[in-house]
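Chemist: So the chains spell out like this:
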Amino acid sequence: MSVTLEHVTRAVDGMETIRDVSLTLERGTLAVLLGPTLSGKTSIMRLLAGLDKPTTGRVLVDGKDVSGIDVRRRSVAMVYQQFINYPSLTVYENIASPLRVQGKPREEIEKRVAEAAKLLRLEPYLKRTPLQLSGGQQQRTAIARALVKGADLVLLDEPLANLDYKLREELRAELPRIFEASGAIFVYATTEPSEALLLGGRTVCMWEGKALQNGDTSKVYRHPETLRVAQVFSDPPLNLVGIEKKNGSVRYAGGVEAPATGLYQKIGDGAYRVGFRAHQLEIGKGVPGRHAFPATVSITEITGSESFVHLKRDSVNWVAVLHGVHEFEPGQTLDAVLDPDNIFVFDAADRLVASPGSM
Amino acid sequence: MSRIDLVDLAHSYGGNSADESTYALKPISMTWRQGGAYALLGPSGCGKTTLLNLISGIIAPSRGKILFDGKDVTPLSTQKRNIAQVFQFPVIYDTMTVGQNLAFPLKNRGVPRRDIEVRVSEIAHLLDLTPHLNRKATRLTADAKQKISLGRGLVRSDVAAVLFDEPLTVIDPELKWQLRSKLKALHLELDLTMIYVTHDQTEALTFADTVVVMHDGRVVQSGTPAELFEKPAHTFVGYFIGSPGMNIMPAEVKGREARVNGRVISLKRSYDSLPAGAKIEIGVRPEFVDIAKPAPDLLAAQIERIDDLGRMRFARVRVGDVKFAARLRESFSSTDGKCGLIFDAAHVHVYADSRLVEGTP
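Each protein sequence line maps, in turn, to chains A and B.
Residue numbers for the first sequence follow our numbering, beginning at 1 and rising by one.
Residue numbers for the second sequence follow our numbering, beginning at 360 and rising by one.
Among the clues, some could well be false.
In the DMTMM-like style, the derived pairs of lysine to aspartate or glutamate whose C-alpha atoms are separated by at most 25 Å in a straight line are [said to hold, decoys possible]: (1) A:219 to B:667; (2) B:627 to B:586; (3) B:590 to A:152.
Since the hints were derived computationally from the structure, they do not count as laboratory data.
Could you put the whole structure together from the sequences, leaning on the hints where they help?
Modeler: Structure representation (structure tokens):
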């Protein structure tokens, strides 16, 4: 089966929450909806589920328009950020509930609950009630219930957002395996770039109700078509600097001039914006061919495995990430160093014109 | 700003139970430096919120004392303890302007109007709220409202401490970066004792000078982010800090050698007097294990999956029954997933019953 949104726009009280989104999702695939709060992720899910109807455009299932069909007749399961379980039922009964509603025979219910419980490592807890479980176990129960239903379309709306960091890490590692085993269409909404990268599949980058870019997750990450996509898909935030290319050299805003080597050879004369993620910015290595910018340290954040150095240059903030522990004093000046082969260049209309590996 | 001492402090929600193992907070004694930036880090149910509520006076301890600058405040209410708090969700008055919201804690305490104006404009400036000072708070986004909550928590300069309970949970990733570094800068600027409760290691490690890691009602380690990363005192700290966490596996340890699956891993220090009968494990972070082509003298492993985080890659490998994570260099490739592991001896630690053993040089 496949689900398609065809030029879908949805307006609520005259405000467009979804603007001209076209999207096709195929069976056995995972699509990540990546974007900040209010970018339209939940609205897209509600349209896919049939909970809301498009103002214009069509929703197609296997090519057939289902825009007007009652949601109860569609095969959809949904998991929300705030996990919902029946508090008086055991974990077993919670997972079994959609099958009981469907009137499945007892043997089948037992078999399918056992499968889902095994997949989500809930076997030891089947006799407990949700309140006797941790948050992660409760959310796994909600996910198991969504899976057991055997729905063709499973929608997960920031399902890990309310969980502890470590649990999130563990579930995130398990989810791709769960998706693969089920064969349904999965749609997964998140605000976090790292989550999209770990889940793989394809990513739809959302911004202000628009689907800005839709493609293989690693491709969207490595070749964001617009500045906005690069920004949505960067954590720490994307660093930016304006440049002007002229007569074989580049002049950076704030006054550093350098020969137009590396990716700068690929662009014509004119004004551009250059974006680079925190790991693309190095500190204090004067290698020939690199472009160095004197900058002031505002703060260093150390996680142990990495150090995030917040820099101020020409009243613009940049973040660099270094492996290991590196302490810098606030106010200290140092050189922030860019490799002209390892940058994203955007034109005046914010379209990507050069990226690493796009030679 | 005060120094805070916890003296044999413990709490049981079931009253004064005799069984310590059921305590939400097991007895602890520790000191929080005046002007320090602390994070209380641990999974849900570890006791961190209980500890925070004991310090703020929301709950009374089953036993022990809390001292602010040497003075016993255990019987005092939150208000009398002079504590400011910021919660997970914004607590502000919708009918007031942003400026009035920021001024409220000061006005309440009868601070002179001129001092209020100075302080409010200082805090508004630090949090980039100056342009919004005269706007009603009601129409602001959740992010902006939480910024006002932070401002209200920081506006009084005379508080004993500012307590933050998961203050950035509702904030989008990009703004989280801004607010986190802002909070850290505010701490440097304002000389307030700050205690920040979170289950998010990145927030804890990046905000605090000292991170207090809690597990099962106990403080298992308290140290700088670098100490927690490089020398976890407990296997739980190794697992909880770092993403992926520390690799931990059973080993036979003798002198300067650890034996795993029949292979020898060299150790930097010597371990001659390990407690008899204890569970012996070695721990090494993924960052200190290299993946190489299989070789006779290397611990053999099978690559099961590669996590591409964009700025780095981790290989998930299996050594016998043990799952293992290792940093993967750009240059490494393999067709059959077979590999050998190279350990950085200086970063392989030995644990007896989950606690770090120091060893001798």
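Chemist: With the threshold set at 25 Å, check whether the alpha-carbon distance from residue 627 of chain B to residue 586 of chain B stays at or below it.
Modeler: Distance of about 18 Å is within 25 Å: holds.
Chemist: Does the structure keep residue 219 of chain A and residue 667 of chain B at a Cα separation of 25 Å or less?
Modeler: Between residue 219 of chain A and residue 667 of chain B the Cα gap is close to 12 Å, so the pair holds against 25 Å.
Chemist: Measure nothing beyond the straight line between the CA atoms of residue 590 of chain B and residue 152 of chain A; if it is 25 Å or shorter, mark the hint as holding.
Modeler: The hint is violated at about 48 Å.
Checked against the numbered hints listed earlier, the structure breaks hint 3 alone; every other hint is satisfied.
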